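Chains P and Y are the protein sequences, given in the same order.
Position 45 of the first sequence, counting from 1, maps to 1144 under our numbering, and the rest follow consecutively.
Position 185 of the second sequence, counting from 1, maps to 212 under our numbering, and the rest follow consecutively.
None of these hints come from the bench; they were simulated from the model.
This one's a predicted model, so the numbers in the text were calculated from it and none came from an experiment.
There may be inaccurate statements among the hints.
Stated by the list, open to error - Computed list of lysine-lysine pairs in DSBU-like fashion (alpha-carbon distance at most 30 Å, straight line):
| id | chain 1 | residue 1 | chain 2 | residue 2 |
| --- | --- | --- | --- | --- |
| 1 | Y | K107 | P | K1369 |
| 2 | P | K1374 | Y | K121 |
| 3 | P | K1376 | Y | K107 |
| 4 | Y | K130 | P | K1373 |
| 5 | P | K1374 | Y | K302 |
As the list claims (entries may be wrong) - Partial pick of chain Y residues on the chain P-facing surface, computed with a CB cut under 10 Å:
| id | residue |
| --- | --- |
| 6 | Y250 |
| 7 | T283 |
| 8 | H284 |
Note that the Cβ used here is the ideal one computed from N, Cα and C, for glycine as well.
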Amino acid sequence: MKANLLNITWILVAFSATLWAPVNALGQGAPPSGPGGPARPASPIDLSGYWSPAVNEDGLERGAGSELGDYAGFAINEAGRLWALSYDPSRLTLKHHQCDGYVAPYQMRAIGNFRIWEDRDPHTMQLVAIHIWAQTTEGFRTIWMDGRPHPPAYAPHTYQGFSTGRYVGDALVVNTTHLKQGWLRRNGLPESDQATMVEFFVRHGDHLVDTTVVTDPVFLTEPEVRSNDFFRQPTDPGAWLYACDDGEEIIGRPPDAVPNYLFGAQPFAKEYSKKYKIPMLSGIAGAASIYPEFAARLQTATDAEAIALLRPAPGPSPESRAEDPEPHDGEIHVLPVSGNVYMLAGDGGNIVVETGDEGPFVVDTGSGKLSDKVIETIHKLSDKPIQFIVNTSYLPDRAGGNVQLRAAGQDPSLVGSFFSLQFRDAGVGATIIAQQNTETHMVNAKLPAQGWPTDTFLEDRRRKYHNGNAIEIFHEPHAITDGDSIVHFRQSDVIVAGDIFNTIQFPFIDIKDGGSVQGEINALNDILNRTVFRHEGQGGTLIVPGHGYLSDEHEVVEYRDMLAIIRDRVRAMIKDGASLDQVKAARVTADYDTRYGANTGPWTTDMFVEAVYDSLKQPAK
Amino acid sequence: MLRCNRSRALLQAKRNSAFWFRCLILSLATAVIAAAQFPGIGPPPGPPPPPRAAAPVDLTGYWVSLVTEDWRQRMTTAPKGDMESIPLNAEGRKAALAWDPAKDEASGEQCRAYGAGGIVRLPGRIHITWQDDNTLKAEFDAGTQMRILRFGAPAGPGGDWQGVSVAGWDIPGTIMTRGGFTLGMPPGPERGGALKVVTTKMKAGYLRKNGIPYSQDAVITEYYDRFDIPGGDSLLLVTTEVVDPKYLSAPFWTSTHFKRQNDSAGWNPTPCSAK
Chain P
1100 MKANLLNITW ILVAFSATLW APVNALGQGA PPSGPGGPAR PASPIDLSGY
1150 WSPAVNEDGL ERGAGSELGD YAGFAINEAG RLWALSYDPS RLTLKHHQCD
1200 GYVAPYQMRA IGNFRIWEDR DPHTMQLVAI HIWAQTTEGF RTIWMDGRPH
1250 PPAYAPHTYQ GFSTGRYVGD ALVVNTTHLK QGWLRRNGLP ESDQATMVEF
1300 FVRHGDHLVD TTVVTDPVFL TEPEVRSNDF FRQPTDPGAW LYACDDGEEI
1350 IGRPPDAVPN YLFGAQPFAK EYSKKYKIPM LSGIAGAASI YPEFAARLQT
1400 ATDAEAIALL RPAPGPSPES RAEDPEPHDG EIHVLPVSGN VYMLAGDGGN
1450 IVVETGDEGP FVVDTGSGKL SDKVIETIHK LSDKPIQFIV NTSYLPDRAG
1500 GNVQLRAAGQ DPSLVGSFFS LQFRDAGVGA TIIAQQNTET HMVNAKLPAQ
1550 GWPTDTFLED RRRKYHNGNA IEIFHEPHAI TDGDSIVHFR QSDVIVAGDI
1600 FNTIQFPFID IKDGGSVQGE INALNDILNR TVFRHEGQGG TLIVPGHGYL
1650 SDEHEVVEYR DMLAIIRDRV RAMIKDGASL DQVKAARVTA DYDTRYGANT
1700 GPWTTDMFVE AVYDSLKQPA K
Chain Y
28 MLRCNRSRAL LQAKRNSAFW FRCLILSLAT AVIAAAQFPG IGPPPGPPPP
78 PRAAAPVDLT GYWVSLVTED WRQRMTTAPK GDMESIPLNA EGRKAALAWD
128 PAKDEASGEQ CRAYGAGGIV RLPGRIHITW QDDNTLKAEF DAGTQMRILR
178 FGAPAGPGGD WQGVSVAGWD IPGTIMTRGG FTLGMPPGPE RGGALKVVTT
228 KMKAGYLRKN GIPYSQDAVI TEYYDRFDIP GGDSLLLVTT EVVDPKYLSA
278 PFWTSTHFKR QNDSAGWNPT PCSAK
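Extracted from the complex, chain Y is given alone in its bound form:
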């Protein structure tokens, strides 16, 4: 009986020491994980680099549009009522059928097709530069328009053709975390990324020159990707989603491509035209 009790006590002591040993190992592991997951616990981090320095892709330069899609609707002004491929709702169709380019010209609204919802689809050239470390500037020779793509919080009242654009870098492949633990492997070192731009608060305009409408309530989300193709050329792909509760029954998606130019050749600022 005594031996039995001594044995139990010994076993209990062993169990206790095993428990504390496990706790020690787990604590060490947790500390290492925490240090890695939350850099703030370790050495103090420096400030994040400004967007210009953090750019995963260089979008600057002159880009010329390659009109290989929706050619007739983009290179010419399609007739009234040509709404091919656009998910207009009843109100949108009604507005499209009410298109009157002469009236737009007369009322000084000839830039309606040159707003943030339509400018990328118009044939022309884009000149992208850094205005400052936090702001990209996209100039369009079609209609002589300019868009300011600002990183950070929205700025400005909007209310013009180009509205207010908030930019950010869209980095793919981030492994999701739950409870501080990351159970996945990261993508390769060459991660790349795109420019994401969300634009709101613009004046109502046209998705196409023939009066296909978007409203001032539309939200335009764009992604700017750059690809280098064999032969030395580079392409700019602008993927656009227009969500408009007033005129569209579904999101309107387009992807528009441009070829990089070495210089400003062909840059030809023109005024807006409603026709």
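Chain P extracted, bound-state conformation:
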């Protein structure tokens, strides 16, 4: 018996070898294919191990940091140039910026060790993902190799983005989307949240090169190509932690102060050219500076033409080049946010639904154009009728579906209660909660009474415990209107911002209904006072914008910064006696137009500038 077993084993071994031999030796022929999918060839390159950057290029940039004004070799457009020139490094002393992570393109360029390892399915040995851990800022990248699609445009952005990879020839080709706003260079040169990156990893012996191609419609005129060299470490170099907690760096600074330089007032704009005795145009010429012909161009460059680039060019403002993150396919799309909280996108404004053993708690009802589908979607998330609706404002993208959603719900907490003795319709339909001014605006606007709030509050806070969440509703006076609220689901740690925060346009400040730029800044700061990031300035508390993609505090901070910076510019011009037309002509939003601007539609850049101007001309609210 034992001898027979031995024989069988020998036969199996021998025939296995014969089956493998032609494939191995000739390097051709189809590898064995299993029923689970295509065959799995070995990876053409193995990136696993410890890698250190060979900083033989741009040592200053990657070490101490480049001078302000040195943006040479970057194809920046006007917005990118002005954004960078407005940047004051002191901005990093702000509590919400102290722990900013590095976005993936800069992460790969930064100094610090890297650890790379593969994640394989233990049953099939299929390569599922390649992970990269970066020492600096603890950047953690995952490159999915299993063919999964990229998330929808309304999904969150992260510093490292969402990456998928495939092998092409001897290279690992990686596509990255969903990046946060960050740096192309650490001296304030921006990379927008609309940037995408294609990378080519090649390995020659123990030399790894990562060529990055960054496309950014907001700040670049053409893709930015760079390449980063790494050498393999034989052992773990250690020192992997870069844990960051923020603290007080400048005591007593007003909460709405965002360090920045007015257009044309960057005091260090000439420092780079003076230090190295090169024309001032060198650092700010954009794409032209990348090509060989620029060397000859430098021979005739003058200070005057460079100084002209320190301010916005006269003329019309460009429009946003950002991707519209909202679906327009006539369907309602569900994005799980955290715990039992979901974001519903597709009906002209984000809707939030909290589910549990009680009826759904809904924040905002969208435009009302797809209410039937919204109700159907909510019923898929919960078998109970909608119990509560909160309106963060009266505006049509927040409360457009009130009538339909209210009618589709009921509030069992009122049925059989004292109220039912007083009101025959108590509990019929969902209860709509809002700040009192919101109801007043609905009444004044003659919106259908069936959609008016049935439960209003006057002061700064309303609270409720529902479906296992402590839910707080905070009034944000004089932001978009005078009746805005934000909603905080404390256990799930989700804040619904309504129109106070969005990722698609300048804030719609409705002056006639009590909105103001300062109130809007204050409201954004109020959101930031309630957020806690999870790690390196991202994650943790999630923010659902009125429009756009699911965010965290980083997007709110950048939005707050933008608003405070534009406010500072308009305020400075008002102080100098400028008229509204003069403010508009100065293009005070020039570094943000390619991200948020519009020249047509219901909310143009001009309207926004006018709202900022008007609200700053009014007495403080």
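Following the hints, put chain Y in place on chain P, whose structure we already have.
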């Protein structure tokens, strides 16, 4: 006792037949493996295709440099003593501080920054063509230089700015073998590859125009990779390692990228300049 002995004999006979059966199976397997591992045992192979036909990647055409790194040191001539990012040893630093461009011009040495150790980093265009089936030619408009990248054994005495370059295709992912057995799976059919070039015997030159030196003993190893990017453009990546026992304390690594051009637009041969 007799039965016992007969049983032993029978068992021995069975064992012998099992042994020979195992030998037969193993011999067959070994023959198949050998035929596959060593093609010479099978039908006679044809001659290997010449390097041009065997090219895993097409590097020919016009390529324009994208100066997005070390911009100041490449697009302008950095001041004397600017040695940022270069692992010079004491002798190298001393030589860099002795840089005198006027003296280079006067002595006809104005091409020192245009040699094999520095030419790829200079802003300009490269025109790569096949000179013959075994030789690639890389022309540079900066300094009007030409490098001959020959496959096979080194040829020529060297001693000029570009030295002697030996080219070869660098194909990744070859599974290691031990004792004739290959215990691994091959990479996928689309293997790709790069051009590897090792250059020696060049005149001493500059890594950068401001006199950062490399010696005639330096060994320059380069890899030329090509990537196709979304939108239809292609990139050429030249990864360079300079090892120089005289002036460098560690290998000097750079990676330089170029964008493909459809034609010769912008091709502008210029003479060397030491300034």
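Here's how the hints hold up against the structure:
| no. | hint | result |
| --- | --- | --- |
| 1 | Y/K107 / P/K1369 | holds, 22 Å |
| 2 | P/K1374 / Y/K121 | holds, 23 Å |
| 3 | P/K1376 / Y/K107 | holds, 13 Å |
| 4 | Y/K130 / P/K1373 | holds, 27 Å |
| 5 | P/K1374 / Y/K302 | holds, 19 Å |
| 6 | Y250 | holds, 5 Å |
| 7 | T283 | holds, 8 Å |
| 8 | H284 | holds, 5 Å |
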